[in-house]
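The primary structure of each chain is shown beneath.
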Amino acid sequence: MVILNIDGVDCYYESVKVLENIRFSEKEREFVGILGPNGSGKTTLLRSISRTLKPHKGAILLNDVDIYTLKSAEVAREMAVVPQDTVITFNFTALEIVLMGRNPHLSRFQIESEKDIAIARKSMEFTNTWHLAERPINGLSGGERQRVIIARALAQEPKILLLDEPTVHLDINNQLEIMDLLKEICMKSGLIVLAVFHDFNLAVRYCSSAILLKEGKIFSAGSIEDILTSENIKSVFQVDAIVKKHPVTNSLYIIPVSTPKSPPSRKLSVHLVCGAGTGTTLMKIMAGEGYNVTAGVLNVLDTDYETAQLLKIPVISEAPFSQVTKEAHNANLEMINKANALVLTSVPFGFGNLRNLEAVSEALERGIPTYVLDEVPIERRDFTKGKAKKRLKELKRKGSVFVRNQNELLSLLNISEEKMKMAKEVPTEILGHLKPEEKPHQGDRADDVKSSNSRG
Amino acid sequence: MSTSGVETAYFRRVSRWKLLLIILTAVLMLTIILSLNVGYAQIPFSTILMILAKRTPFLSSLMDSSSVSYVEERIIMQIRMPRVLAGALVGAALAAAGVVYQGIFKNPMADSYILGVSAGAAVGASLAIVLGIGFTLFGVSTVPISAFAGSLIAVFVVYKISRVGSRVPVTTLLLSGIAVSFFLSAIVAVLQVIAGGRLHVLVFWLMGGFSYVEWRDIWAILPIICLGTAATYFYAHDLNILALGEETAQHLGVDIEKVKKLLLIFGSLVTAAAVSISGLIGFIGLIIPHMTRILIGPDHRILLPTSTIVGATFLVICDAVARVIVSPVELPVGVITALSGGPFFIYLLRKKKESYAV
Numbered sequence: 001m002v003i004l005n006i007d008g009v010d011c012y013y014e015s016v017k018v019l020e021n022i023r024f025s026e027k028e029r030e031f032v033g034i035l036g037p038n039g040s041g042k043t044t045l046l047r048s049i050s051r052t053l054k055p056h057k058g059a060i061l062l063n064d065v066d067i068y069t070l071k072s073a074e075v076a077r078e079m080a081v082v083p084q085d086t087v088i089t090f091n092f093t094a095l096e097i098v099l100m101g102r103n104p105h106l107s108r109f110q111i112e113s114e115k116d117i118a119i120a121r122k123s124m125e126f127t128n129t130w131h132l133a134e135r136p137i138n139g140l141s142g143g144e145r146q147r148v149i150i151a152r153a154l155a156q157e158p159k160i161l162l163l164d165e166p167t168v169h170l171d172i173n174n175q176l177e178i179m180d181l182l183k184e185i186c187m188k189s190g191l192i193v194l195a196v197f198h199d200f201n202l203a204v205r206y207c208s209s210a211i212l213l214k215e216g217k218i219f220s221a222g223s224i225e226d227i228l229t230s231e232n233i234k235s236v237f238q239v240d241a242i243v244k245k246h247p248v249t250n251s252l253y254i255i256p257v258s259t260p261k262s263p264p265s266r267k268l269s270v271h272l273v274c275g276a277g278t279g280t281t282l283m284k285i286m287a288g289e290g291y292n293v294t295a296g297v298l299n300v301l302d303t304d305y306e307t308a309q310l311l312k313i314p315v316i317s318e319a320p321f322s323q324v325t326k327e328a329h330n331a332n333l334e335m336i337n338k339a340n341a342l343v344l345t346s347v348p349f350g351f352g353n354l355r356n357l358e359a360v361s362e363a364l365e366r367g368i369p370t371y372v373l374d375e376v377p378i379e380r381r382d383f384t385k386g387k388a389k390k391r392l393k394e395l396k397r398k399g400s401v402f403v404r405n406q407n408e409l410l411s412l413l414n415i416s417e418e419k420m421k422m423a424k425e426v427p428t429e430i431l432g433h434l435k436p437e438e439k440p441h442q443g444d445r446a447d448d449v450k451s452s453n454s455r456g
Numbered sequence: 001m002s003t004s005g006v007e008t009a010y011f012r013r014v015s016r017w018k019l020l021l022i023i024l025t026a027v028l029m030l031t032i033i034l035s036l037n038v039g040y041a042q043i044p045f046s047t048i049l050m051i052l053a054k055r056t057p058f059l060s061s062l063m064d065s066s067s068v069s070y071v072e073e074r075i076i077m078q079i080r081m082p083r084v085l086a087g088a089l090v091g092a093a094l095a096a097a098g099v100v101y102q103g104i105f106k107n108p109m110a111d112s113y114i115l116g117v118s119a120g121a122a123v124g125a126s127l128a129i130v131l132g133i134g135f136t137l138f139g140v141s142t143v144p145i146s147a148f149a150g151s152l153i154a155v156f157v158v159y160k161i162s163r164v165g166s167r168v169p170v171t172t173l174l175l176s177g178i179a180v181s182f183f184l185s186a187i188v189a190v191l192q193v194i195a196g197g198r199l200h201v202l203v204f205w206l207m208g209g210f211s212y213v214e215w216r217d218i219w220a221i222l223p224i225i226c227l228g229t230a231a232t233y234f235y236a237h238d239l240n241i242l243a244l245g246e247e248t249a250q251h252l253g254v255d256i257e258k259v260k261k262l263l264l265i266f267g268s269l270v271t272a273a274a275v276s277i278s279g280l281i282g283f284i285g286l287i288i289p290h291m292t293r294i295l296i297g298p299d300h301r302i303l304l305p306t307s308t309i310v311g312a313t314f315l316v317i318c319d320a321v322a323r324v325i326v327s328p329v330e331l332p333v334g335v336i337t338a339l340s341g342g343p344f345f346i347y348l349l350r351k352k353k354e355s356y357a358v
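Taken in sequence, the protein lines are chains L and S.
Residue 5 in this note's numbering sits at position 5 of the first sequence; the count goes up by one each step and never skips.
Residue 154 in this note's numbering sits at position 154 of the second sequence; the count goes up by one each step and never skips.
None of the hints are false.
Derived pair list, reagent style DSSO-like, types lysine-lysine, alpha-carbon separation capped at 30 Å:
1) K57/L to K261/S
2) K106/S to K71/L
3) K57/L to K258/S
4) K54/L to K160/S
5) K17/L to K160/S
Computed far set for chain S versus chain L, every beta-carbon distance over 10 Å:
6) M29
7) M81
8) L127
9) L131
10) I145
11) V190
12) L280
13) E330
14) P343
FYI, nobody ran anything at the bench for these hints, they're computed from the structure.
Ideal Cβ placement from N, Cα and C applies to all residues, glycine included.
Model the full assembly from the supplied sequences, consistent with the hints where possible.
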């Protein structure tokens, strides 16, 4: 039975308070993730628990004994620490490094016994490093080296294992291997594992519970699924994130989404007719470029719908998996009316969203410039027995601009914005006088578009 | 790789440590006896053995030592013996302190003089020489005593400067060691300028050597160097663990600040004792630890005693060479240590550089 009790700990570096009133308690077989942004006190908390940084207030109690009243060797028999990265000055062999883990169990001048070697071997076999035993430590790869360091920690036969981002320098394969290993040790040997993580997805997959730190205080603690919500991530990390349950691993997965700090301000409003993920990149790019983006009609649960929600793009929505109703269609038309341009993506058409094509042609008739992103041939995405194909042809005939890719589209939108600005600055009558002079200018622009295409 | 092979190999290596130390000690003894034979006066080797036997409690009654002349006995026992022993003691102290400092500072450039010991000793000795202060303490003359005092004062100042609360961070220790050394070297330069007629005595002391060593000097430094060096062996395993970094060492049960302080004290004491009778002999404290580490590995439990013996042997040999190579003139022993050890060290470094990444 092991109980680690962190009892109202305050820590300072010089006069700066870095931890305030940290209070939690863990028992064996707990795999606890310590999460939080840089400077939130994660590493400080580990240092304080590992008897390196004495708290100004409160205590770290190991089975009701304050660890700062114990000798370092006594603590080392109960608690092992795996740092982020270990710089080893002299070129010891891997086995010699692991044997150093036996130090708290040896007296001065005592040479390691067969029992110590056997424990070292067991730890190394467990971390799959026994074959490296006689290799010099500084000749090992990052992953091998970190596994040797973990073996060293295990050779201490600790009851508590503290890890500071144990896999931060490792590739994905090594990360999973080491995390699987730690989880197994935690369960098999009945350890308390406390680990600092920066990677939410790794934490979520392995931790039974978590502590979320913000500015040196516990923001939230408990089961990992309760803690890693998009609200918590937003308020602690100032990052928007999608939190979902993964169908295969059955654990949460978190996708952080970056939001641009200050997009350039533009006047142009663009309405997107999209769906099934065909508008996701465009939405992100256009929102990032500062366009006023709207979209519709999209079914709730559609990928594009979720993207729009995340980017706070106004959407006309429809119930999941159902046909676009008359009401939604009308609302969509109303929204389109406010737009300066309309973009139709290479969305697949079924009878459910055929009405959206109607909306496009309506817009065209009202004089709103429409652009059709024709990336995927309509034959391959028409599930309406040719109806969608027919309407698309009609659009082309009526003067929709067909573009091959997003770059082309964005250049054209750029031009129409310039035009719009000019139209606002200069009264229409005078614009007529200027027309002959304006033409070569427009020609230049067209060249720009071409060259940017060839570059892209 | 066979599964039990690794364990057996490890135990075999550890069990060879004792044998290695016995062999190296025998080599040191032999070197000492052989180097008694080196000098301006030609004394046959058989005579030397007879003189030694005469001084040995049990052998003396079995020997007929009537053929040994009084002069020969005096040369061996009063001139050569203290000198050879001084070489062994100083070499041992500098090499052991070098290992300790390289271990504490985790820096390959660290040597036994890193904390200002040499500069402090130089100032102490220069002051005594230039001011011509003459007194003796327990039969030891002024210059070694003031050199010893100077070096300990310098280390104490360095230590005080670097102290942050109850901790002594190695980076500040290293930097203040360098700063204090430079400052003290400037004082020595000033003293050299105003030394006048005593300049050659001062320069000769600064170059280092064993020309004026007497038995009383040996008796003065013997306990300090033997006890101090032996004391560092207590912390050999802690020095190993220190290689993982101070924080990790603490997590492995090493009382890091205490161990560091004790090792700094022992290292400074033995270095100060050595420098006080030999003057400044460079190279040993830097190169012998590296050389030994290349040859037998980084484990301080064997590295420390091995370096001690190798350092002693090396300096005895170098001093013997210095005495006769341009006879009748003597070369400063520091010249020989650098001339002979440098190329050998470079050879080892090039041969083993792949596995010797410090």
